[in-house]
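Chemist: Sequence:
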Amino acid sequence: MKLSNQRRMAADILGVGSERVWMDSEKAEDISTAITRADIRELVTTGVIKRKPKAGVSRGRARAKDKKKAYGHRKGHGSRRGAKGARMSGKERWMKCIRSVRKRLKTLREEGTIDATMYRKLYGKATSGEFKDVSHLESHMKSEGVNNGKI
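Residue numbers (the numbering used here): 168 to 318.
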């Protein structure tokens, strides 16, 4: 039997879409006789017509993806969106680089591998952007014969 009119009225009364209206299939006869909004309201109060709960979106898949990303997976070229500077700004990239180089220079000075004068010279070069990373700094020191290449 066709209950589309009753479903529409019930949806309007309950304040939900017609898909979220539950009707007791065993009481279909009672529902079909309800032709006014008052009749539908009465069926709602008796529990013959109910509002279905809202269907949520599960975050299970998102959590699994986040866990993989934490391990560094799913970050290849095909997964990247936006410009190069959108993922890590130029300033952030610079800070990451310069901090590691300065940290290495500090440890070399503390170990006694380089003296204070050489430290200041290399520190200035690092600040001017001469070294890309720690390995570049060390290769420069080796080629220049700083401390006879003993690193």
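In case anyone wonders, no lab produced these hints; they're calculated from the structure. The beta carbon of each residue, even a glycine, is placed where N, CA and C say it ideally should be. Keep in mind that the hints are not guaranteed to be accurate.
Straight-line alpha carbon distances no greater than 30 Å define the calculated DSBU-like cross-link-like pairs of lysine-lysine that follow [unchecked claim]:
#	residue 1	residue 2
1	Lys258	Lys299
2	Lys236	Lys251
3	Lys251	Lys219
4	Lys309	Lys258
5	Lys251	Lys299
6	Lys258	Lys292
7	Lys169	Lys221
8	Lys251	Lys235
9	Lys217	Lys232
10	Lys221	Lys251
11	Lys288	Lys258
12	Lys234	Lys273
13	Lys236	Lys299
14	Lys273	Lys232
15	Lys299	Lys270
16	Lys258	Lys242
17	Lys235	Lys217
18	Lys217	Lys251
19	Lys221	Lys232
20	Lys194	Lys221
21	Lys288	Lys309
22	Lys288	Lys273
23	Lys232	Lys263
24	Lys270	Lys258
25	Lys242	Lys232
26	Lys292	Lys263
27	Lys217	Lys169
28	Lys292	Lys273
29	Lys219	Lys236
Computed Cβ-Cβ distance ranges for the label pairs, DEER-style [stated by the list, open to error]:
#	residue 1	residue 2	range
30	Gly182	Arg254	15 to 23 Å
31	Arg230	Asn172	31 to 39 Å
32	Ser199	Gly223	27 to 35 Å
Chemist: Each hint should be assessed against the structure and marked as holding or not.
Modeler: Taking the hints in turn, this is what the structure says about them:
Between the alpha carbons of Lys258 and Lys299 the distance comes to roughly 14 Å, so the proposed pair stays at or under 30 Å and holds. A threshold of 30 Å between alpha carbons decides the hint, and for Lys236 with Lys251 the separation of about 18 Å falls inside it, so the pair holds. For the proposed pair Lys251 and Lys219, the alpha carbon gap of about 46 Å is over 30 Å, so the pair is violated. Restraint check: the Cα-Cα separation between Lys309 and Lys258 comes to about 29 Å, which is no more than 30 Å; the hinted pair holds.
For a cut-off of 30 Å, the pair hint linking Lys251 to Lys299 stands: about 17 Å separates their Cα positions. For the suggested pair Lys258 and Lys292, the alpha carbons sit about 18 Å apart, so the restraint of at most 30 Å is met. Distance restraint check for Lys169 and Lys221: the Cα-Cα separation of roughly 25 Å lies within the 30 Å cut-off, and the hinted pair is therefore satisfied. A C-alpha spacing of about 22 Å is found between Lys251 and Lys235, which places the hinted pair at or below 30 Å, so the restraint holds.
Restraint check: the Cα-Cα separation between Lys217 and Lys232 comes to about 37 Å, which exceeds 30 Å; the hinted pair is violated. Proposed proximity of Lys221 and Lys251 is contradicted: the alpha carbons are some 40 Å apart, above 30 Å. A distance of roughly 23 Å separates the Cα atoms of Lys288 and Lys258; the hinted pair therefore holds under the 30 Å criterion. Distance hint between Lys234 and Lys273 is unfulfilled; the C-alpha atoms sit about 35 Å from each other, more than 30 Å.
Under the criterion of a C-alpha separation no larger than 30 Å, the hint pairing Lys236 with Lys299 is consistent with the structure, at around 26 Å. A hinted pair counts as satisfied when its Cα atoms are at most 30 Å apart, and Lys273 with Lys232 does not qualify at roughly 39 Å. With a CA separation close to 14 Å, the supplied pair Lys299 and Lys270 stays within the 30 Å bound. Restraint check: the Cα-Cα separation between Lys258 and Lys242 comes to about 21 Å, which is no more than 30 Å; the hinted pair holds.
At roughly 41 Å between alpha-carbon atoms, Lys235 and Lys217 are farther apart than 30 Å, so this suggested pair is violated. Only pairs whose Cα atoms come within 30 Å are accepted, and Lys217 paired with Lys251 is rejected, the gap being roughly 52 Å. Restraint check for Lys221 and Lys232: the C-alpha separation of about 25 Å stays at or below 30 Å, so the hint holds. Of the supplied pair hints, the one linking Lys194 and Lys221 holds, its CA atoms being roughly 24 Å apart against a limit of 30 Å.
The suggested pairing of Lys288 with Lys309 holds, with an alpha-carbon distance near 15 Å, which does not exceed 30 Å. Between Lys288 and Lys273 the alpha-carbon distance is near 13 Å, which keeps this suggested pair within the 30 Å criterion. Proposed proximity of Lys232 and Lys263 is supported: the alpha carbons are some 26 Å apart, at most 30 Å. For the hint linking Lys270 to Lys258, the alpha-carbon distance of about 18 Å falls within 30 Å, and the restraint holds.
Proposed proximity of Lys242 and Lys232 is supported: the alpha carbons are some 11 Å apart, at most 30 Å. A C-alpha spacing of about 16 Å is found between Lys292 and Lys263, which places the hinted pair at or below 30 Å, so the restraint holds. Restraint check for Lys217 and Lys169: satisfied, since their Cα atoms lie roughly 18 Å apart, inside the 30 Å limit. Between Lys292 and Lys273 the CA atoms are separated by roughly 14 Å; this keeps the pair inside 30 Å, and the hint holds.
Under the criterion of a C-alpha separation no larger than 30 Å, the hint pairing Lys219 with Lys236 is inconsistent with the structure, at around 36 Å. Distance hint check: the CB atoms of Gly182 and Arg254 are about 44 Å apart, inconsistent with the given range 15 to 23 Å. At about 43 Å, the beta-carbon gap between Arg230 and Asn172 misses the expected band of 31 to 39 Å. Evaluation of the 27 to 35 Å hint for Ser199 and Gly223 yields a pass: the beta carbon distance comes to about 33 Å.
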